[in-house]
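Q: Since the structure of chain A is already known, use the hints to place chain B on it.
Chain by chain, the residues run as shown.
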Amino acid sequence: MTDIKTVDARGLSCPQPPMLTRQVIQKLDKGTVEVLVDSGTARENVSRLAKSMGWAVTIEEQADGSARIILKK
Amino acid sequence: MSAIARFLTSRWGPIITGVAVGILAPLLVFWGNPGNMGICVVCFIRDIAGALGFHRAGVVQYIRPEIIGFVLGSLAAALAFKEFKPRTGSSPLVRFLLGMFAVFGALVFLGCPWRAYLRLAGGDWTAIFGILGLVVGIGIGIIFLRTGFSLGRSRSAPKAVGWVMPIIMVVLLVLLIIEPQFGRDAEGKLTGPIFFSTTGPGSQHAALIISLVVGLFIGFLAQRSRFCTVGAIRDTILLRDFRLFYGVLALIVVAFITNLALGQFNPGFSGQPVAHTNEWWNFGGMALAGLAFTLAGGCPGRQLFLTGEGDADSAMFISGMLVGAGISHTYSMASSTAGPGVFGPFIVIAGLVICVVIGLTMREVKV
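Respectively, the protein sequence lines represent chains A and B.
When the letters of the first sequence are read in order and numbered with our numbering, they come out as residues 401 to 473.
When the letters of the second sequence are read in order and numbered with our numbering, they come out as residues 192 to 558.
Check before you lean on any hint, since a few could be wrong.
Cut-off 16 Å, straight-line C-alpha distance, at most; resulting in silico cross-link-like pairs (EDC-like, lysine to aspartate or glutamate) [what the hints assert, rightly or not]:
id: 1; chain 1: A; residue 1: LYS430; chain 2: A; residue 2: ASP403
id: 2; chain 1: A; residue 1: LYS473; chain 2: A; residue 2: ASP403
id: 3; chain 1: B; residue 1: LYS273; chain 2: A; residue 2: ASP464
id: 4; chain 1: A; residue 1: LYS473; chain 2: A; residue 2: ASP429
id: 5; chain 1: B; residue 1: LYS273; chain 2: A; residue 2: GLU461
id: 6; chain 1: A; residue 1: LYS472; chain 2: A; residue 2: ASP403
id: 7; chain 1: A; residue 1: LYS472; chain 2: A; residue 2: GLU434
id: 8; chain 1: B; residue 1: LYS276; chain 2: A; residue 2: ASP464
id: 9; chain 1: A; residue 1: LYS451; chain 2: A; residue 2: GLU434
id: 10; chain 1: A; residue 1: LYS472; chain 2: A; residue 2: GLU460
id: 11; chain 1: A; residue 1: LYS451; chain 2: A; residue 2: ASP429
id: 12; chain 1: A; residue 1: LYS451; chain 2: B; residue 2: ASP432
Hints listed in this document are in silico derivations from the structure and should not be mistaken for laboratory results.
Note that the structure is predicted; figures quoted are calculated from it, not measured.
One chain only, chain A, in its complex shape:
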């Protein structure tokens, strides 16, 4: 079981969600990172950034309207 790093970007506005995500995934060659977001904009921006850096993206919708973005490499 590998460690899952978490970026909690809920409630943060542009451009912090993708910026914080980048800070974490830049330091990793591979692994799993979960990013918590609560706006459509943050969801799109984090997904686009991660894909551009070669990470696979899956999104899990949460009951409270937020989303858990799972990044894998």
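A: Positioned in the frame of chain A, the structure of chain B alone reads:
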């Protein structure tokens, strides 16, 4: 509906929005708006501040329907696509101050980033100094973002909070239409509380319904595409993400072509409409505005679109802009076509110092 939604949130969204603005903004000038001012969020909020009597600069008073349309168009999109999520609590007071200083800076240049690009596309080369200042201001903001600047997290708010700004916009629309006059001036003539210019830029406007429909359309598109004229430069430098940048590029190119087609392209430095030729303060004013917009998370247009999603923190920024516009024109900080106002240079320097202090001191509080 969902196909449109996906298309606008894709990389094409900002480009489509930029093309729409590039066509419609010069057309608004053609239909009556002031020169190179088809859309200027700061100028229009300044005009609204004047119409409400927050300042008495008689040439810039009008309730601009484009602003009303921006918020209500965004609201419609947010409701249709389930993105109406009222929220608040991310340093509202600081956002209010940033809104004020953004307006102080932008009114020294005489335009927000939207108008800076539109001025360039109309051949107003003095806009180049403003855009350079904007890039420098955004660059300074990025340094703060990289070193941990944050206005903190917002949290969900009751639905009613999200409706405040849209309702204010509906009230403004009513005031625009009925133009109530029940105050008395010194000579006993009817005046106020709503003031509309009879001369100058405030008196120049396209028909109400045209301006409103254009505003609604752009507001709808921009909410979906996340169009932002400051984010365009910020994301390019900070994240190497060109999505928004292509939107602004499309705006400039299409507005240039539309201006050419309408005979509105007049290249040169001097004699440009609602502009001055002082390159230093064109630069300085927009550097302040760029920094304030970046610290607040987006351009004034984006702040309006966010209020349509129920973002009360952006609504505080807009409130700061309204008050700032009143102060700016009351205390001779705003420029005129003759050049910077008496206290324009002072407020740019003071504003830069205060925004740097905000950039250095605001950090997310760990609890």
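Q: For every hint, state whether the structure bears it out.
A: Here's how the hints hold up against the structure:
no.	hint	verdict
1	A:LYS430 <-> A:ASP403	11 Å, holds
2	A:LYS473 <-> A:ASP403	13 Å, holds
3	B:LYS273 <-> A:ASP464	13 Å, holds
4	A:LYS473 <-> A:ASP429	8 Å, holds
5	B:LYS273 <-> A:GLU461	14 Å, holds
6	A:LYS472 <-> A:ASP403	12 Å, holds
7	A:LYS472 <-> A:GLU434	9 Å, holds
8	B:LYS276 <-> A:ASP464	11 Å, holds
9	A:LYS451 <-> A:GLU434	14 Å, holds
10	A:LYS472 <-> A:GLU460	14 Å, holds
11	A:LYS451 <-> A:ASP429	14 Å, holds
12	A:LYS451 <-> B:ASP432	12 Å, holds
Of the numbered hints listed earlier, not one is contradicted by the structure.
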